[in-house]
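**Q** The listed protein sequences derive, respectively, from chains A and B. By the count of the working numbering, the first sequence reaches residue 879 at its end, each step adding exactly one. By the count of the working numbering, the second sequence reaches residue 1094 at its end, each step adding exactly one.
Keep in mind the hints are simulated off the structure, nothing from the lab. Wrong hints could be hidden among the right ones.
Unchecked claim - With a straight-line Cα cutoff of 27 Å, these simulated BS3-like cross-link-like pairs (lysine-lysine) come out: (1) A/Lys61 to B/Lys1029; (2) A/Lys654 to A/Lys317; (3) A/Lys288 to A/Lys61; (4) B/Lys1063 to A/Lys61; (5) B/Lys1060 to A/Lys61; (6) A/Lys829 to A/Lys309; (7) B/Lys1063 to B/Lys1029; (8) B/Lys1060 to B/Lys1029; (9) A/Lys829 to A/Lys654.
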Amino acid sequence: MRFLTTLFRNLWRHRAVERDLDEEVRAHVELLVDEYRATGMEDAAARRAARLELGGTEQVKDAVRDVRRGIWLEHFWQDLRYALRTFRRSPGFAATAVVSLAVGIAAATGLFSIVNAALLHPFPFADINRIVTLGMIDKGAPRGLSVTARQLVALQHSDLFDGAFALDTWEMTLTGEDLPEVVRTQYFSANGLNVLGVPPLLGRVFNEADGPAGAQPQRVVVLTYRFWQRHFGGRPEAVGQTVHLNREPYTVIGVLPRQYFYTGPEILVPLDLTFDPNFAWSVQARLKRGVNPRMAEERLQLLFDQFAKEAPQRFPKDVRPLVRTLVETRRAAGFVPTLLLIFAASLLLLLLACANVSILLLARGTSRAHEFAVRAAIGASRGRLMRQLLVESLLLAFSGAALGVAAGYWALPALLRRLPANSVPVGNLMAVPVNVPVLLFSAGLAMASALICGLSPAWSFSRPRLMATARTTAGVESRRAHHLLLAAQIALTVLLLVGTGAAVRVLIGLYRTSLGYDPHDVIVATINLPENTYREWDGRATFYERLRDRMTEVPQVESVALATYSGIPPQSGERSVVEVPGRDTPGDEAPIVQRISADYFSTMKIPLIRGRVWSDSESGGTPHVAVVNQTMARAWWPDESAIGRRVRMPDYVKPPNPFRLAAPGSDGWFEIVGVVGDTPNVGLHEPPAPSIYVPYTLMLSDSLNVILRTSPDPLAMTRSIREAVGTVDPHQPVSVYRAEGVLASAGWSRERFVTLLLLGFAMFALMLAVVGLYSVVSYAVSCRFKEFGIRMALGAGRGRIVNAAVQPAVLAIVAGLVAGLALSVGLNKIVAQWSIGNLNDPIVLVAVSLVLFVAAMMSAAIPANRAASIQPVDALRID
Amino acid sequence: MRALLLQPDHGVGITRRIQQITRGTFDVKPGSLFPALHRLEERGWLASQWGESENRRRAKYYKLTAAGRREIDAELTNWQRIVTAIGWAIKATS
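With the rest of the complex left out, here is chain A (with noise of 0.2 Å):
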């Protein structure tokens, strides 16, 4: 309480304390001056005794009043208007600094959003820990785990849970309005929305009573916050209206909040649990609090026995239950260490701009030095200017986050729309983008930029030697600060431009990853059947045969197949067991099986290593044909030609499941004909899996890939191929895309995404570079203004005036440059195992240090330049 009335009367009634002080003060002499009389001393003499004893008045004023409280705050706020006053002298300095310092803490914050998105808090649901992804253990591996109807009952019954539900997500076809729309659908058992704690915006998500287990569920569909906007404008109406499904009337029954379900699905419908065993779906839950998963994991084990019992197909022997919280599951993807990489990066690039706006303040030295010897003159102490000091660079810093916070603000979602598809939950990060963790990292980042950038010009000018300023050529000590600032921010960043270098060139070698097939100029129309339509073998063979038959007499199209899955590599089949009579079958894994027409070799441009492609009349015949891919015969058959073995595929007696018919007649049994080229099945990054290539009619699916070989401009013919499957079947929908967008979302976008932003971080870093190293030059160059010119009047040569001007900071950049290579070199071994690519490489490091050179001879240039056109007389005439 006294300590804020004290400093409430100091700050606020600051001229009565000053009254009183200066009254006590002058007490003291009067009294002092008495007392001298009275040992018997002269008026004058007393006063002049009772003076020294005192010493200066105003010290003695000054001396209280540092001892004041908030006197800081006094301070703080004087200095804080002398450096928006000393900046508005110089703008061109201040808006470098302060643009400088904004663009490094604008990427740091933004990328730190994004870690913190992605790490920290990925999901909006409430108690997120909480929420868990069953799987289980099977030979030491984890695989996807899918419960019966019975099975989640007994799982929801656990005492592990506050609640389970079951999870799918499928595809429904919006019918009644013009063209038919495929919707991505999230589907959950109708407890879901309620375990996860998802709370509506308009209306009320379902309930346990909107789809009891083993009944239908209500009609009903809660609409994304996306969806909503699409498709109702954003207008509260729309709770209570009802849209077509599959040609079903659902009715809207709520809207969601803008962060869930950000990406991925528009629509959320209850599931049909229904009590038939071929029926199975993944499961999540929330624990109970207390329960860890390790425990649920213990805990679970004997329910686990129980399913492997009841349901064997499913569950292998001496299975082991895994359960790992959402969060978990979102840390293992692949792209949380890039992320790290990259945020490190927009560290790096931030430290840069701090030694640049060290720089830029120690180059300010020449009218700053004189200022200062002025101050520590008449009695600022040391501390008082270095505070000075940091206030001004807590200023710069601070302008700069703040405009750095705007700006990632406007960037951020331009930056996420880059990001590769799934690879961050970023429903959170959109719905509010600038949040308290962040802005606490850009105040912090500030005040960490703020110390670092002002530290050592503070630590320089705070001394300020009055002789050396009396004198107008500043010594050479002086500025052996700038030029190791330089260096360091020339090795760093060196660092950075190898690093961007590098992934420069990971990207350039992904474009020249030979593929195996032509994607260019190929798109795809994805047909996705209606629940419960073309049921039968026969009438879904015909409708697909018409299609394909519709397809080609679309102007510009060259060629048509039909492929059961993507069909676009990297994107393949699926596995599927092989057997060759009277042997084991080489390899872990069952090989990749395609499902296609015979033209689709052709169409795709994949070559025919050996043997044939069966024809239209052998796809149906028996025994069935098939073709397999180089890595395949390679590895089944190695000492002999795979074409005429017989293999049994026993998935293609019976299928696996509802959705895919079997043709009549089928038995299993193949016969290769052919050796086709390999392309990338597993991923862009990994050599191919052995692939067999099977008629699409032996199996039909309920969903069909029709790829088609166009003119230039495929996209313009998405209209024509939405008619032309309209003239088919007005109801059936058809989504088109591009095999180039294939490859880019399958491997390429996080590649380019992390080369994009390094590139953006190199150009600035280089930026930064140019601009400290002019200013150092320039510096040295008003410094040594007099003695160049007493020099050439003496009879030196420009090119000798030249020569001093800009030799400490090409030795600096050299030993820059050096450093920042050796860093780059000892660095590799680390950021490898992040995989952006090598830095050791010698082209990079080679291409790196040219950029940096010229780059820097160029900058220098100019102030080097203007040292050579002094004019003697006018050097000499400066004071």
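Chain B: place on chain A using the hints.
**A** Only chain B this time, still in chain A's reference frame:
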């Protein structure tokens, strides 16, 4: 602060008193005295008021507050402890 134990006093009086107590060892200059007085006042250990000196001059008088007295006791105890401890230490080593 001890200089003020007996009675309230003004700046010059305090200086003289300190000289007297310490038998001339410490000569407190106003440059140190005033900041010290103000700091003690802000902490609540001293209170000040304007009064009239012996020879009828206006002067600012400082006096100990109750909190100040307690503080002196505490400091003295502490100081005694340190002195004793140092005394032991010196005896032990010599």
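**Q** Indicate, hint by hint, whether the structure satisfies it.
**A** Each hint, compared with the structure:
no.: 1; hint: A/Lys61 to B/Lys1029; in the structure: holds, 13 Å
no.: 2; hint: A/Lys654 to A/Lys317; in the structure: holds, 23 Å
no.: 3; hint: A/Lys288 to A/Lys61; in the structure: violated, 67 Å
no.: 4; hint: B/Lys1063 to A/Lys61; in the structure: holds, 21 Å
no.: 5; hint: B/Lys1060 to A/Lys61; in the structure: holds, 15 Å
no.: 6; hint: A/Lys829 to A/Lys309; in the structure: violated, 49 Å
no.: 7; hint: B/Lys1063 to B/Lys1029; in the structure: holds, 20 Å
no.: 8; hint: B/Lys1060 to B/Lys1029; in the structure: holds, 17 Å
no.: 9; hint: A/Lys829 to A/Lys654; in the structure: violated, 51 Å
Violated hints, in rising order: 3, 6, 9; the structure is consistent with all others.
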